[in-house]
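Asker: Just need the whole structure built from these sequences, with the hints factored in.
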Amino acid sequence: MSSSTEQSPEPTPNPKPSLPDDLLVSGIARVSRLYYPTLSIVSKSFRSLIASPELYKVRSSLGHTESCVYMCLRFEPDLTPCWYTLSRKPKPCGYVLAAIKAPRSPCAHLLAGLVSTGSDIYNIGHKFSNKGTSRVSILDCRSHTWREAPSMTVKRSNPAVNVVDGKIYVAGGCRDDTKWMEVFDPKTQAWEVVSRPGGGGENWGIHVSKSAAFDKKVYMFGNRNDSLAYKPKEGTLENVGWNVELNWRWHSNCVIENVLYSFHQGKFLWYDSKVMVWRRVNGVEYSTKSFRVCMADYGGKMAVFSAMPPDGNRMKAIWCAVIALERRTKKNIWGKVEWHDAVLTVSDSCILEYALSATV
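Numbering (UniProt numbering), first residue to last: 1 to 360.
Hints are supplied without guarantee of correctness; some may be wrong.
Below, in silico cross-link-like pairs of lysine-lysine (PhoX-like), each with a Cα-Cα straight-line distance of 25 Å or less [stated by the list, open to error]:
hint, residue 1, residue 2
1, 274, 331
2, 301, 216
3, 44, 57
4, 187, 167
5, 330, 289
6, 179, 216
Across the chosen pairs, the derived CB separations fall in these ranges [stated by the list, open to error]:
hint, residue 1, residue 2, range
7, 234, 75, 43 to 53 Å
8, 359, 233, 21 to 31 Å
9, 188, 348, 39 to 49 Å
10, 282, 88, 25 to 35 Å
11, 311, 26, 39 to 49 Å
12, 280, 177, 30 to 40 Å
It is worth saying that the hints were derived from the structure and are not from the lab. The beta carbon of each residue, even a glycine, is placed where N, CA and C say it ideally should be.
Answerer: Next up, the structure:
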């Protein structure tokens, strides 16, 4: 009698156990936001996780929020803006502008006044039409999605937009002087017209060519070299005795830690209400042949973007410099270029529109 040995089937290897979602969220929340564009291409689940509200709640609870720079480009003749975020290269070290895949906003092409507060970028007013618009759209920099915000009380074209104490102040761009400025409170989601204090002059409803906010004031410059500062807390206006010969309003600028910085002919200048005179940033120059330079606050440092002239293939490189700033004395600010390189190659039709930062 013969006997046969019954063979047992080979065990099927178990797939690698996946980490629980809460553990993944906790781990990714500790990673710098600069690496998220790279992580998002790992898998669909990672991409979904990186856009989830839960991740940013954990980041906030851990105190891991950070300043992220966003760049808005436009490719003529198309008026629709394209959005990018400054990210870390996987290899080697350095930065790159990574395109964000955000659904198109219904009024994205109306690009005019851009301002950020918290993790949101607000698109307010109309840039390419004298008719203006009252519509407002918001780019959520956590999920990279657009949503509509309550409309302004009046249509505006090319308004000046600034943030003071978390509220958004919008001035100019309309012909009604009684609505020269209005303010939006993100907490209450309501707009309110700002009554014009005495001494505001005429035509401030339409003629605000440049503005900036620091020291809890909104500084505004008209088309006739007149300049005013509005103090929301007191509800008053004051004349600003700046060195208007500098014509800073025509140059690139940004506010970093209550100091206004401007770029002009390869030099960085600064102004604040303590010194009350334009002074040069020591120790740094920035050579560029680009007519358009964009600047942004990068967590207390300065991010500077410019485009090189096109090559024979009508392509050009966008360069970025990250500059550390140090105030050594009351009247002296020093800068040091920490990094400078090309971050994106684009066609000659590309226009640098805006650079600004959000906290995520």
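Asker: Work down the list of hints and note, for each, if the structure agrees.
Answerer: A quick look at each hint next to the structure:
Annotation: proposed proximity of residue 274 to residue 331 holds, straight-line Cα distance about 9 Å (limit 25 Å). At most 25 Å may separate the alpha-carbon atoms for a hinted pair to count; residue 301 and residue 216 meet this at roughly 20 Å. Of the supplied pair hints, the one linking residue 44 and residue 57 holds, its CA atoms being roughly 21 Å apart against a limit of 25 Å. The hinted pair formed by residue 187 and residue 167 meets the criterion: a straight-line CA distance of about 9 Å does not exceed 25 Å.
As the CA atoms of residue 330 and residue 289 are separated by approximately 32 Å, the hinted pair breaks the 25 Å bound. Between residue 179 and residue 216 the CA atoms are separated by roughly 21 Å; this keeps the pair inside 25 Å, and the hint holds. Our hint of 43 to 53 Å for residue 234 and residue 75 holds, since their Cβ atoms are close to 44 Å apart. Taking 21 to 31 Å as the suggested C-beta distance range, the pair residue 359 and residue 233 conforms, at roughly 23 Å.
For residue 188 and residue 348, the hinted distance range of 39 to 49 Å is satisfied, since their beta carbons lie about 45 Å from each other. For the pair residue 282 and residue 88, the beta carbons lie near 29 Å from each other, so the given range of 25 to 35 Å is met. One distance hint, 39 to 49 Å for the beta-carbon pair residue 311 and residue 26, holds here, with the actual separation near 46 Å. One distance hint, 30 to 40 Å for the beta-carbon pair residue 280 and residue 177, holds here, with the actual separation near 38 Å.
Checked against the numbered hints above, the structure violates only hint 5.
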